[in-house]
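Engineer: Chains as they are written, first to last, in our numbering: chain A, 1 to 310; chain B, 1001 to 1911; chain C, 2001 to 2222; chain D, 3001 to 3136.
None of these hints come from the bench; they were simulated from the model.
You may find that some hints are simply not true.
Covered stretches of chain B, going by a simulated chain D footprint (3 or more residues, C-beta under 8 Å) [unchecked claim]:
#: 1; stretch: 1310 to 1317
#: 2; stretch: 1879 to 1890
Derived Cβ-Cβ restraints for the label pairs, each shown as a range [unchecked claim]:
#: 3; chain 1: B; residue 1: Thr1867; chain 2: D; residue 2: Tyr3088; range: 30 to 36 Å
#: 4; chain 1: C; residue 1: Thr2187; chain 2: B; residue 2: Gln1492; range: 56 to 62 Å
#: 5; chain 1: C; residue 1: Asp2081; chain 2: D; residue 2: Tyr3088; range: 53 to 59 Å
Note that the Cβ used here is the ideal one computed from N, Cα and C, for glycine as well.
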Amino acid sequence: MSEYKSGSNLEKVLKAGHFAFTGECGPPQGANVEHLKEKAAHLKGCVDAVNVTDNQTAVVRMSSWAASLVLLQEGLEPNFQMVCRDRNRLAIQSDILGVYAHGIRNMLCLSGDHQRFGNHPEAKNVFDIDSMQLIYTVKTMRDEGTFLNGQDIDVPPKLFIGAASNPFAEPFEFRVYRLAKKIAAGADFIQTQCIYNMDRFREFMKRAVDMGLHEKCYILAGVTPMKSVGMARYMAKQVPGMDVPASLIKRLQGAGKGKVAGEGIKFAIEQIEEFKEMEGVAGVHLMAIEWEHRVPEISELAGMLPRPKV
Amino acid sequence: MGQDKPKGSVMVVGGGIAGIQAALSLAGAGYGVHLIERTPSLGGMIPNLHRIYPLCACCKLDPRISACEQDPNINVMLDSTVLDISGDTGNFSVTVKTANDEKTVNTGAIILAAGIEPFDPTKYDTYSYGSHPNVLTSVEYEQIQRPLGPEKGILRRPSDGHTPKKIAWLQCVGSRDINQCDAPYCSSVCCMSALKEAVNTKEFDEDIETTIFYMDMRTHGKGFEDYLNEAVSRDVQLVRSRVHTIDPVPGGNDLEIVYAGEDEQLQKETFDMVVLSVGLRPSGEAIELARKIGVHINGNQFVDKEPFKPVSTNIPGIFVCGGLSGPFDIGESMTQAAASVSEVAAILGPESFSPPPGYPKPAKSAAKSPKVLLAYHFCPGMAPGLSADLEKQAKEIPGVSATIRVDGDILSSITDKIKETDANRLVFASCTPAVHKNLIEEALKLAGLNPYLYETVDLRAIDPGTAEVQLRDRIRMGVARVALITPPPLRQIPVVKRALVVGGGIAGLETAVAISREGYPVTLVEKEKGLGGHGRHVKSTWQGYDVQKYLKGLISSVKKEKNIKVMTEATVKENKGFAGKFVSIVKQKGKEKSISHGVSILAPGGNPIEPREYLYGKTKNVYLWSELSEKLLKDPKSIEDANAGVFIQCVGSREPDMPHCSNFCCSFTVRTAVDLKIKNPDMSIYVLYREMRTYGERENLYKEARDKGVIFIRYDLENKPVVESLDNEGRLKVTVYDPILERPVGLKADFVSLQSAIVGNSNQELADIFRVNLDRNGFFAESPEKMKPVDASSEGVYLAGIGLYPKDTGDSITQAKAAAARALEILSQDKVQVGGMVAEVNPEKCAVCCTCVRTCPFSVPYIDHETGAAYIDPGLCQGCGICVAECPAKAIVMGTCSDEMLIEAPAVLFA
Amino acid sequence: MIVAEQKPIKEILEMVKDYNKILVLGCKGCVTVCNVGGSKEAAILASTLKIAARKNGKKIEVEEHTLERQCDPEYIDEIKDMIDDYDAVVSIACGVGPQFLSERYPSARVFPGVDTKFMGGAVEHGIWSERCAGCGTCVVHHFGGLCPIARCSKSLLNGPCGGSSNGKCEISKDVDCIWDIIVRRMTELGRLEELLEFVPPKSWITARDGGPRRLIREELVL
Amino acid sequence: MSDNFKPKIVAFYCSNCASSAASVAESMNKALPDNVKIVQVPCTGRIEILHLLKPFEEGADGVYVAGCQEDSCQYVTGITKAAKRVAYVKKTLEQLDIEPERINIYNLSAGKGQAFVDVALEMNDIVRKLGPVLSE
């Protein structure tokens, strides 16, 4: 019996004390496997694991477990994401068994964006259980070897359990407690919402460290490089729970024509550099949305390469 | 209304239940009444009975007795006998011998109500009665059974005080027998009383074996057959037999009964007690008196009367009811008593002793703080110390402003005391408060208070040891409650002086006539084209009187009477309102008409069911009995010339799916058989029966039939007769198993008459419309208080005729007249009071949730869309309080039994 | 109406065990009509609590009061002067009551005394049955006037499912298959062909799935 | 339980049948025990759950309802309703860990007058055995 909970690469990297680096890859809005493989290719070798989103922002895409399997075939380690919006506790547990059976070892537990934001707003949502309960579910299945109903599982799934945390949503004070709650529920690692307001995040981490949360689980800071001023403005205004300081928008504007993307990446690199030093931060989760091809470059500049072999 | 009639008071001779009822109804109708009773107390036979089927007698009789004693218009003369009567209608003078002197009483009409006497069986030398302590008469036996009797209801046999293990009843002792007691008639009530005694014995101790030796089991009355079945199910043994002797078993207290079973074989059985079901005799003295004043007496020594004038004697102005004119049970006697009142009304205007009391206007008693008068009344039987205790307690209870012990003239002593002490609430303590309710309410009215501002305290079942505590608690309770009474609103509503009669058969017509001749308009609703109902098929009464002649007369008098509005081909669709003020929707030939009336009389009649057996409808010459009598009316020869005829009884009745006995089929059969024999003595007539129920004086006819050679063969449900068609000419063969010959016999017949079960017409429909109950056999149920035999379960609705239970013409007429009398009691009043002990809706609080509408057992509440709240008609409300308890919004209140009373009760009691 | 059921006494006792001055608050609306939360039941619950206290030798004060409705602020306001006298309030209105109370009186300890069950009606006295799921877009007219959303266990719009056997739902022999009834009804009405048409996926946006709902009537807003 | 324990019992009597039953009891010299306190109602159908609970609230150790026979209630359903309410209160008591035997309903009839007192004695026995309502 190994000292590992799941034996996933991500887990090994973190346990070995390396500064983890995870990426993200959204499945196609269709069955275009080639496109998916192409995106994945950019990430290969640059990250320890790749988050595969689950109908992200309630837009229908190839199911995250299927996409995760594709990544697996391509020699990447997927971080299988699951939301509570589209499955009840039966589907959830069976999917968990399914992905584990096919070699998936990381799983990120999320509530999921409300379908109103997506492309099927008239859909009926499930929310049979919430993200907190989902974490508990995966942990119960892994550590107790039972389903939610207490019934034994023949070969329980051993997954490295991830959860999300948004340091910037309201009420700010409560956020860190919720983080604690998720850890208590069984989260092994946390990936935060993408961070732009560094002051806020520093404050958040300070509180987390004061509570000793960083010793209970690995906290990966979320980073999304700004591609454009428009994107920054959109994030500032439209995306709930996103905190984009005006100063950043100014800075991007200041970059001048054709240089905004570069400035965005520059800011991201600065962030990563700070995170490396920040107490309690165990790694970075890079969400280069539809920008996978720039990941190698960013990893390089951030001094994340080569990724450790554990 | 009958101005030409003389006015006067009425004398009722006999203080039995019939006499009491007659006196009360008369007083109710405004007559002064002299009630003459030869014994020192009212009540007659009943106080000696344990229970009158089906329930306890005491609580029914007592209120009536006290009502008589308390009514200023009833002059009760006890220990008195009538010596002579002279004069005529409106002007009789009666010589009465009282305890100490003789006086002459002048009165306008006379009702002979002296009842019956049990037969004295000492004459029978073979029954060891008198010589052996364990042979008792049924009357003596009931004395033992009565909880209120000398034995306190503990059953012990006289000889040794042991609880008997085996008791035998011997029927027809002093009945159906001319040799030893010259009483050819059947006493009619003994079968039921024997069953009742046996069942009650079982109730006392399930293990006591009870056996009834009888000739025919005559449970012909309403509900009787059900009772018989219950008795059998409780393992009461019935042995069809003739008893020869009852002999003491030597060296013991037991008795041996020697009897011949149906097979004529002699058998013996030993019992430790024997009860002789003794027959009924008219009271000797009364018959003597009747004879003396020229009232005709019949061969059975009963007062003679015609079926069409069921309560009249041959002397105008002198009427008869109850046991004096035949062996009748209590129900029949009560009915006749009521009927005699309507007959009196027909010839005599009311003249009262004291005018109806006038009441001062009720003061606003609610406004004042409660000042309670505590009045109490002790019966002789009660603990002597009680009075002192009670006075003592009363002083310590706050709120009691005065106390008074009442006796004798309770009414005025309470009224005066209230006025004197300016009390505004009354607590009345006595042994049986229920009995005094009317009186108390009267007293309060006279004192100018709302008649419901009182509480009663029951002084019974108090343990002398702890009397103080119990008195304190009970009086405290009474005082606390009375203080909480909110005087219920009372409304005077003018009586609509019109009667609605449903049914144009004999019962309906007679009722209409009896009511209209008092000057009140009647609307008579008949659903068929013509009047007469079932009576149109009836040839004669069992006594042989021509029904068609009578019916023609009746119908024409109805048609002549301008006060009677006849609506044929009409049915009642809807009925609303309450006694004194009903509104009915009558549908006639498609048109709907609304009729206001003060009373409703339901006389829808009934018909024989169509048999599904004995080839009925499959071959000619198999008649339904109504068809047979119709044929005898229209084309008698065809029947009279027959060589042989077979009558089959109990067709479709007294069977599991229709358990009741149809009562008059046996009389019809023997009547018809006898008539046919007279016309054609050579005709062979066979009567196939299960029990011959020629009860009462009909028994004589049964005997006559046998004497004339009519052959009676008994059959069991297990092997019913079989009817076969022999040829196309309609010759028939009936095969029946003869229990005496113990083999089947084949009877050739030219016709077969099927006496099938009688069922009511549209009873269910009317019951729903008029909100009255039916009994389990689908006939109308009498009022909850079983001693009102023509009152329906809701007030102001009266019943007559077959709809109530199958009965012959005479009995229908009696009921019709009784129903009329009851109806007149309401019609003769100008106002009815509604309100009082009823539930009231507070529209503000009402959530309109329909709970009351759904849960009222009498379907009184409804949602009034005007007010947007539930409404409970104070005239209809029965005052049970069920809706008050159910109402989730607490919107329904009952001033006389409020929530506060019940919620605060424990606090008061534990204080 | 909104149909509710009293919580088990034990559960209520557990809620209020640490409080000595309790107000039982009834509602004259739906819960009165369904015999669970009116003045009558308020009194019964109050008495029950007192009996329990007495048994455990505890002294508590319980009073009862019944508001016109607990779903209108004006009525909630009626108790503003008394609410502070109590350290716990048991609302026996539907789920709306405790919330309106908590919103109006943030400092009050408010407990629900009943479990709110469903929107329905009394099929006979003492028996209530669900009729409406409040989906926000009524469709009963398509189904012979019966609602498959509220009354089909799976809210099927193209039922009945294979689990329907002799008129009953697969979840329990005591539950009618509404689709069985709908089909019969429509057959009797001679409108069966309407059921043969495919009913496309329904928009749940107006239902709870579309997030908590609120209704604004501009012509009414003050 | 100690023999000197004298339970407090409240009895609700239907005035219809109780009255006639009482007269029979009286005639048989049967007396009610003084610790059984009587509250009369026009019909047992008038009695509400609250009315049955109040006595316990006031410290009663037992409560019973005495009404007509099921088939002979003058108000048809009165006694049946009372029976259902008593059953409800039994459940309530159970939930309060109070013995449900402390509340009962009896059917009287004029025919069985002695029952008027006998039920009181029976109830008295039952409650005496149970002792006062108090948690151990």
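Engineer: All hints are to be evaluated individually against the structure, with a verdict given for each.
Structural biologist: Going through the hints against the structure:
Given a C-beta distance limit of less than 8 Å, the hint that chain D covers the stretch 1310 to 1317 of chain B is violated, as 0 residues qualify and 3 are needed. Proximity of the stretch 1879 to 1890 of chain B to chain D, defined as three or more residues with a beta carbon under 8 Å from a beta carbon of that chain, is established by the 7 residues found. The supplied range of 30 to 36 Å is met by Thr1867 (chain B) and Tyr3088 (chain D), whose beta-carbon atoms lie about 32 Å from each other. Distance hint check: the CB atoms of Thr2187 (chain C) and Gln1492 (chain B) are about 59 Å apart, consistent with the given range 56 to 62 Å.
Distance hint check: the CB atoms of Asp2081 (chain C) and Tyr3088 (chain D) are about 35 Å apart, inconsistent with the given range 53 to 59 Å.
Hint violations for this structure: numbers 1 and 5, all remaining hints satisfied.
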